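**Student:** Listed here are the chains, written in short residue letters.
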Amino acid sequence: MTTGTLAGAESRRRSWRAALAERGVDTVLLLLIPAVAVIAMLFLYPYVYGLMISLQPLEGGSAFANYESFFSDPYLRETIWYTLRLALPAAVVSVAFAFPLAYRMRRAFRGRTLIIGLFVLPMTFGSVLLAAGMTQIFAPNGWINLSLDAIGLPRGSFLYNYTGTFIALLLSTVPFSFLLLVGMFAAVDRRIEDAAATLGAGPAARFWHVLFPLMVPGLMTALTLAIVEAFAVFPSAVLIGQPDNATHVMSIPLYQAAQQRFDYGNASAIAVVMTVVELVVLGVLFGIRSRLYAGPSASGKG
Amino acid sequence: MRVAESNLTATTHSFRELRLRGVSRSFGKAIALKELDLTLYAGEFVALLGPSGCGKSTALNCLAGLLPLTGGEIWKDEQRIDTLPPERRGFGMVFQSYALFPHLTIQRNVEFGLRMRGVRLVQRRSRAAEALRTVKLADHAHKRPAELSGGQQQRVAIARALAIEPDIILMDEPLSNLDASLRVELRTEIKRLHQSLGLSTLYVTHDQEEALSLADRVVILRDGRVEQSGPPATVYSRPASPYVAAFMGYRNLFTARATAAAGPGDTVSVHRDGYVFQATAVAGVQAGAEVTLAIRPDEVTVGEGGANQITLATEVVEFMGREIQVQGRMRDGQVLLLRTGSDVVPGDSVPVRLPRERLLAFGQVDG
Amino acid sequence: MRVAESNLTATTHSFRELRLRGVSRSFGKAIALKELDLTLYAGEFVALLGPSGCGKSTALNCLAGLLPLTGGEIWKDEQRIDTLPPERRGFGMVFQSYALFPHLTIQRNVEFGLRMRGVRLVQRRSRAAEALRTVKLADHAHKRPAELSGGQQQRVAIARALAIEPDIILMDEPLSNLDASLRVELRTEIKRLHQSLGLSTLYVTHDQEEALSLADRVVILRDGRVEQSGPPATVYSRPASPYVAAFMGYRNLFTARATAAAGPGDTVSVHRDGYVFQATAVAGVQAGAEVTLAIRPDEVTVGEGGANQITLATEVVEFMGREIQVQGRMRDGQVLLLRTGSDVVPGDSVPVRLPRERLLAFGQVDG
Amino acid sequence: MSRTISRLGKLTFTSVITWSAAACFILVLVSLFASVVLEAFSTEWRGGWWPAGFTVDWFAEAWHAGVGDALVTTVQAAVAVVVIALSVGVPAGYALARRSFPGKSVVVLLLLLPVMLPPLTYAVQLTALLYRIGLGGSLAGVIIANLVPTVPLVVLITIPFVQRISPEIENAARVFGANTFRLLVRVLAPLLRPGIFAAAMLVMVRMLGSFELTFFVANQQSQTLVVTLYGAAADPAGPPPPLIAAMAVFYMGLAVVLLIAGLRYVNPADAVTARRI
Amino acid sequence: APTRGGGEDTTAPEKPAQPITLTVLDGGGDLATNKLLIENFVKARPELVASVRYETASAPDTVGKLKAQQAAGAVDIGLLLGGTDVLGGAIEQKIVRQLLPSLSAHLPDLNSLQDDGRRQLQTMAQGYGVECVYTPSGPVLAFDPAKTSAPRTPQALLEWAKANPGKFSYAQPANSGSGRTFLMSLPYLLGDSNPADPVGGWAKTWAYLKELGRYVSSYPASSTILAKQFGDGSLGLIPTIVAHDVSNRQNGTWSPATQVALFDNQAWVADAHYMMVPNGVSPQTLYVVLELMKWVLRHDQQVLTYSQGVLTTAIAGTSVDQADAAGKEFVAKWGRKDFYPAAFANGVIKPPLAPSDQLKAFDMWSREVGSRAGG
Ligand SMILES: Nc1ncnc2c1ncn2[C@@H]1O[C@H](COP(=O)(O)OP(=O)(O)OP(=O)(O)O)[C@@H](O)[C@H]1O
Ligand SMILES: Nc1ncnc2c1ncn2[C@@H]1O[C@H](COP(=O)(O)OP(=O)(O)OP(=O)(O)O)[C@@H](O)[C@H]1O
Ligand SMILES: [Mg+2]
Ligand SMILES: [Mg+2]
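Protein chains in written order, with our numbering: chain P, 447 to 748; chain S, 492 to 858; chain B, 492 to 858; chain A, 970 to 1246; chain G, 8 to 382.
Bound-form chain P, shown alone (with noise of 0.2 Å):
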């Protein structure tokens, strides 16, 4: 009788496991245990607290004081429009420009190994490093205007505007979207693009029929990345761009009211815009990809 009931407990204890199986709830989701742990545990407390004091406005008034504020001065409402414009442009151009480099990678030649190293680079210089650098070679009588002038083009003014800014940008960006796609593009199977070329598929034909829906994950995911570190463009912007004018973007006035004004329930909220702003980008994103395929890049035998 008792080892009746207990073997019913058992099994419809089994069964809800069952259930929740296949809803895809079983032991693996342990694994993001840590890692939500850690982010829970030291990110969640800063973060709320942020959102509370963005709800707290040193000057007093509504609680969303800081959100009108910030919608209502059209210089900083402003700041949402000079951070789009180059923030994804530059992480668009870094996995464009990437992109075509990583799929040379696959092939074995000599000096990959080198090519590779080389562009990955800048990942090694930190933005300040990239800033001095940029303000030594790309200066009205620097090597690259120099060049310019050696080989008799005009002269180009690289510095302290919108295209400074851009190129830090490139040059932090587009290393590491390399880095992943080259990672990605390892992945499929050779096979694959065999079987389209005995199906009549040229190289343009496999690269985007074949080679490119595959790669689509990857791709999202560099341009994720690449759209976040754009977004937090700070030290490029202040350093080599116009950070009053043409690269004034959000992160200048949160770090204004939370560098010299000390207001960081302003800075929370302006940090709260730009998550949101953010997040509707990425949020396009992701609803494209869902759409996509992401799977295995390779199927069959083997």
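Calculated from the structure, these hints are not laboratory results.
Because the structure is a prediction, the values reported are computed rather than measured.
Mixed in with the good hints, there may be bad ones.
Cross-link-like lysine-lysine pairs, in silico, DSS-like; alpha carbons within 25 Å at most [said to hold, decoys possible]: (1) G:Lys340 - G:Lys301; (2) B:Lys525 - S:Lys627; (3) B:Lys627 - S:Lys520; (4) G:Lys154 - G:Lys344; (5) B:Lys627 - S:Lys634; (6) S:Lys627 - B:Lys520; (7) G:Lys154 - G:Lys340; (8) G:Lys301 - G:Lys50; (9) B:Lys634 - S:Lys520; (10) G:Lys174 - G:Lys211; (11) G:Lys42 - G:Lys367; (12) G:Lys42 - G:Lys211; (13) B:Lys634 - S:Lys525; (14) G:Lys169 - G:Lys217; (15) G:Lys367 - G:Lys344; (16) G:Lys101 - G:Lys335; (17) G:Lys357 - G:Lys217; (18) G:Lys22 - G:Lys42; (19) G:Lys211 - G:Lys367; (20) S:Lys525 - B:Lys627; (21) B:Lys525 - S:Lys634; (22) G:Lys335 - G:Lys50; (23) S:Lys627 - S:Lys682.
Facing chain B, from chain P, some residues (calculated, C-beta under 10 Å) [unchecked claim]: (24) Gln502; (25) Glu505; (26) Ser508; (27) Gly746; (28) Lys747.
Using N, Cα and C, we set each Cβ at its ideal position, and we do this for glycine too.
With chain P held as given, fit chains S, B, A and G with the ligands onto it using these hints.
**Tutor:** For chains S, B, A and G with the ligands alone, coordinates are given in the frame of chain P:
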């Protein structure tokens, strides 16, 4: 295959012959193809046979342009094609590993080649649908490869290659994962398409029956070289070497000594284990030379009477469907396999006969 | 398989039986397994047969714990194991897709399971080496899977599963990519290991000969359900339904009408095309009911004399090795296949006999 | 190999564009790198092709400013952060790639937020938290604080790489007795190598470059190179550019050494699923 | 006992029984001048200090760091150094202790040490800090005498900029000492209605800067970048401050031939840096820090700072003549002996804006001037 009213209308072929000339391919130090010479005539159905790892897939891959040659040339009539990229060779190919596009539905997998050829949507749809019907997968058109069973995936690979109706189609064990009845059906279908479309087909298989029933010519590979090439009946009944014989199901291979010299096709006397056998010499045999005798289990007949009679001590009896397979030993311990419909039990002593015309004697054992 | 001196020492098994009880598995709306009941007794060799896509691999995957069940239970004696994770079930498995570890050498692929079991290096090495010798890949131990041919990869998959010497081994078409002679060799090897290690084996194959020669019991699946289960000889000679018959090589299936009722195993008179046949009823047949007649091509004998005599107009003749396969038509157009050693040419009119004991009559056609 | 070369040799329109873009990029990079190194060795450099004179004094000065200790701390902290972030992040990325479960989007969002927010917005509170639990000023504190932005990065990068891997291989590992841990270590980790490398690189960069978090949490003993560098750069009298360059050369040197070491062991372009026949 | 979150700290100093380890956080680059004095203190008073740890960072980061430590009630910093920006942030965030008048007994009599200019800036500290660096800061105009001569009035400067578009610029005031000094000096130069009120009283200044901005191609983000651009010739004329004039020539960023000039009716903006004590330090640390402050303000110590790059000391009544040999040499080599002593006596010396007003000015500058660079 002989057909009552030939439906082989004189299809016009875009080429006359495809020639591999001394094609070699090595992987590092390992040599997969060793100066392979092989010709595929337009409209011909050639079966490529050989043991696992002998270079069959390598040969197809070289032909399709997926592996660069380390030596030799490939010619299509007067055009040298081994330098063309795969997409410009226009061969259809069924990969041993299927190599389906994991991100495309079955429908689109099959349509892929047509799309590359710029075939219009409507026509593409209908040809893909037809190819899928041929392999009995019309119901699965909307699935992705990962949602199919192994055999279903294999059939998609076939449909994909057939849909483009290429001049030359290369198939690498296309039916290996299918059950017997489906295999027979598709075999027939492939043969039909081969004939109606005038395809030239190079077909790798390890299924001897498939090779024999489909092919106009059978090519046996050995370590990256052609060991024998000829019509199925010839290869089957007159293997050129013990190697081919072993491959053609001559599972009883044992040595004996010739008592006299004999020319090819002649009857030769050999002795072993106290018995004297009359065998058919495949090539010239010298007196006193060691020869290899070969006979298929199903050619060994049970019962007394006639020449080449020996007695076997049976050991293992296996059920094989219509017949049983019996493993027995000669007096000197040599194992012999035979198939029979009669009832034999392990431990029996059974008299068997090795028909002279089916007992082949190979002189000069190589390899 | 009957063996002269049984080398089947009474191996002690760690369990008595493995039971699948009403096991179901669906993918979305598609049902792959429908309340499957199946028992594997310790030490038994069960062959799972069925057409492509009928759920064989799904069944193995469920058993191994790789797919959660949508219904039913799996018991190992008194222990319910369907909730155990795969790594705790201790089964060996040969995947239909091989699923070799691409980053490991062959050697380490084969060692993998042993390593997971904490087997010491020296022992691991020797067991892996032995398993590789068994599948004739000792020379390739240092290669990566990508450097092997299809058949070689398949053999690695077998070696990997054998190396861990599991209680229960699940094999999903393990020999499909091997040539005939290697297949026979490995078949023997698998059987030997099965016996010497006392493995319980569930073996998916589409090769009827393999199933019949290896298995203690054959299970035929149909749409995720067991259609028939029994010893090879029974399933072969007494298929339970036209479906099984078709699967067992009864390629001639045609309808006729019973003239009188008959019980199972009785002789029943049927008529078609003006002929009257005597057939063996597999299940009860009612008078006047439509029956399906089934006969294998190789049971149809050429020649005059005896009952069940008909004349065929031959159409296609195919070379099959020892015999030829002839496709002919009865007067009403029904196609019949037969195999014969005699010389038949297309266009002949050939008298054939359908032996009563081999001509099966199934009443009540389902599906 | 010969195929590779023949393909590479073929100049198509797109390949010309790609390679020349790459060449420009590399040219800019290398000159950037070179200019910083050159500047660090220069007595003065006021524009033009070449500095006025050369000296190694700036390196000595940089060393006196505490670069030596900071180097050691940086290596310790960077290695620890990379190791911890990978061992925490990769399993989580695996779980997110392989399972879809109720509430997954919440977890994803939670993991996305820390990468999206500038550290400044939570640095003060996070630091206070660490001081409160007694980790302020310690190397452990520095390491822990740097996990916040880096763990999510690892997770994000891992996801697409896991999706690339056929589940059948995983199945095989499980059937042959690998539990989840061993599956991760013995099978997935090697297959994910390029992804892990990419993640490690990014973590390293974030770690080496993350100023606020490290500065707030560190004290003089536990400060990293970048904090020392910022400290020097914060001199309102305007630090001499060559000194900054010299410190930067230390910083780059360290990063380049780590990069080369990484590339020695992992070639991100090396596929485990090579062409098969 | 440490107090949390910036409540009033009333700890009384207490002489330590054992020498302590003192941590100094420098948010204003003040160690450059004061480190020597601190080291001397350690040597002189080993019974109080065993060792000193130095940390440096930019002004905003120092405030953030201290705030975090205080939020957790675990302050390990004993002495905070910084300019008016650090001071302002520290007062506003309530992270430093008010030293005067409550602890005046433990400090020297500042009135006797400081003259008017110094006292004005000491007053700005509201008792939260003790001045340790003082200088009339700027603006001075830097130029290359070989290429141009310096304008002597704001109007002439405008003309110069118009004649040489893109060749004049100044660093963003929010991020640079030189930029803000120029900005804060202009209302005096132009005669604005209320130089202390950037919002209401700077009409002429804003109009002037907007006009000037039409000929400026971009405003560099920091004095360092500005200096670099001037050094490499991209810019021909820049407003700078005394300290930068010295350091840039000294480290080779500028050619030694560079000259500086004053406006005719020069309005110096003074600059000062302060020693501060965070809330929540232990009584022993407090004692040591107060002793240190006394030490630093000693006449014999202050004259040593000439060798560390200053031209004016934190206390009145010192001169280069009293400096040691190194100090004399330094001033002789870089200090424009013939120019600065006279220049400091020229024109008026004004205190900078209060920190909160500075922020308002910076914000207005960003909106009105910075956002229109080059246009
Ligand atoms: N992941 C999946 N999603 C949807 N359908 C699936 C999936 N896996 C299998 N199926 C379907 O389930 C059925 C059974 O598949 P299973 O792989 O078990 O067949 P099988 O008997 O092994 O066939 P084969 O002999 O071809 O390997 C097939 O029709 C297949 O299309
Ligand atoms: N990429 C490679 N690197 C090294 N050796 C290889 C590679 N590909 C194939 N080989 C070797 O070349 C030989 C021929 O391989 P191939 O695939 O052509 O054999 P196959 O005849 O198709 O065999 P199977 O019937 O098993 O498919 C094999 O021994 C194999 O190990
Ligand atoms: Mg092959
Ligand atoms: Mg299957």
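**Student:** Against this structure, judge whether each hint is valid.
**Tutor:** Hints, verified against the model:
Pair hint lysine 340 of chain G plus lysine 301 of chain G does not hold up; C-alpha atoms about 30 Å apart against a cutoff of 25 Å. Under the criterion of a C-alpha separation no larger than 25 Å, the hint pairing lysine 525 of chain B with lysine 627 of chain S is consistent with the structure, at around 22 Å. Between lysine 627 of chain B and lysine 520 of chain S the CA atoms are separated by roughly 20 Å; this keeps the pair inside 25 Å, and the hint holds. With a C-alpha separation of about 23 Å, the suggested pairing of lysine 154 of chain G with lysine 344 of chain G holds against the 25 Å cut-off.
Taken as a hint, the lysine 627 of chain B and lysine 634 of chain S pair is broken in the structure, with Cα atoms around 38 Å apart against an allowance of 25 Å. With a C-alpha separation of about 20 Å, the suggested pair lysine 627 of chain S and lysine 520 of chain B falls inside the 25 Å cut-off, and the hint holds. For the proposed pair lysine 154 of chain G and lysine 340 of chain G, the alpha carbon gap of about 23 Å is at most 25 Å, so the pair holds. Restraint check for lysine 301 of chain G and lysine 50 of chain G: the C-alpha separation of about 15 Å stays at or below 25 Å, so the hint holds.
Proximity of lysine 634 of chain B to lysine 520 of chain S is assessed by CA-CA distance (about 12 Å); at most 25 Å being required, the pair is judged to hold. Only pairs whose Cα atoms come within 25 Å are accepted, and lysine 174 of chain G paired with lysine 211 of chain G is accepted, the gap being roughly 23 Å. A threshold of 25 Å between alpha carbons decides the hint, and for lysine 42 of chain G with lysine 367 of chain G the separation of about 33 Å lies outside it, so the pair is violated. At roughly 42 Å between alpha-carbon atoms, lysine 42 of chain G and lysine 211 of chain G are farther apart than 25 Å, so this suggested pair is violated.
For the given pair, lysine 634 of chain B sits about 21 Å from lysine 525 of chain S by alpha-carbon distance, which is consistent with the 25 Å threshold. Proximity of lysine 169 of chain G to lysine 217 of chain G is assessed by CA-CA distance (about 13 Å); at most 25 Å being required, the pair is judged to hold. Restraint check: the Cα-Cα separation between lysine 367 of chain G and lysine 344 of chain G comes to about 37 Å, which exceeds 25 Å; the hinted pair is violated. In summary, the hint linking lysine 101 of chain G to lysine 335 of chain G is not supported, as the alpha carbons are separated by about 41 Å, beyond the 25 Å threshold.
For the given pair, lysine 357 of chain G sits about 24 Å from lysine 217 of chain G by alpha-carbon distance, which is consistent with the 25 Å threshold. Taking the CA atoms of lysine 22 of chain G and lysine 42 of chain G, the gap is near 23 Å; set against the 25 Å cutoff, the hint holds. The suggested pairing of lysine 211 of chain G with lysine 367 of chain G holds, with an alpha-carbon distance near 17 Å, which does not exceed 25 Å. Pair hint lysine 525 of chain S plus lysine 627 of chain B holds up; C-alpha atoms about 22 Å apart against a cutoff of 25 Å.
For the given pair, lysine 525 of chain B sits about 21 Å from lysine 634 of chain S by alpha-carbon distance, which is consistent with the 25 Å threshold. The straight-line distance between the Cα atoms of lysine 335 of chain G and lysine 50 of chain G is roughly 24 Å, inside the 25 Å bound, and the hint therefore holds. A hinted pair counts as satisfied when its Cα atoms are at most 25 Å apart, and lysine 627 of chain S with lysine 682 of chain S qualifies at roughly 16 Å. Hint status for glutamine 502 of chain P relative to chain B: violated, with the closest Cβ pair at about 50 Å, above 10 Å.
For glutamate 505 of chain P, the interface hint is violated, the least distance from its beta-carbon to any beta-carbon of chain B being 58 Å, above 10 Å. A distance limit of 10 Å between C-beta atoms decides the matter here; for serine 508 of chain P the minimum to chain B is near 51 Å, and the interface restraint is violated. For glycine 746 of chain P, the interface hint holds, since its Cβ comes within 10 Å of a Cβ in chain B; the closest pair sits about 7 Å apart. Restraint check, lysine 747 of chain P versus chain B: the minimum CB separation of about 5 Å is within 10 Å; hint holds.
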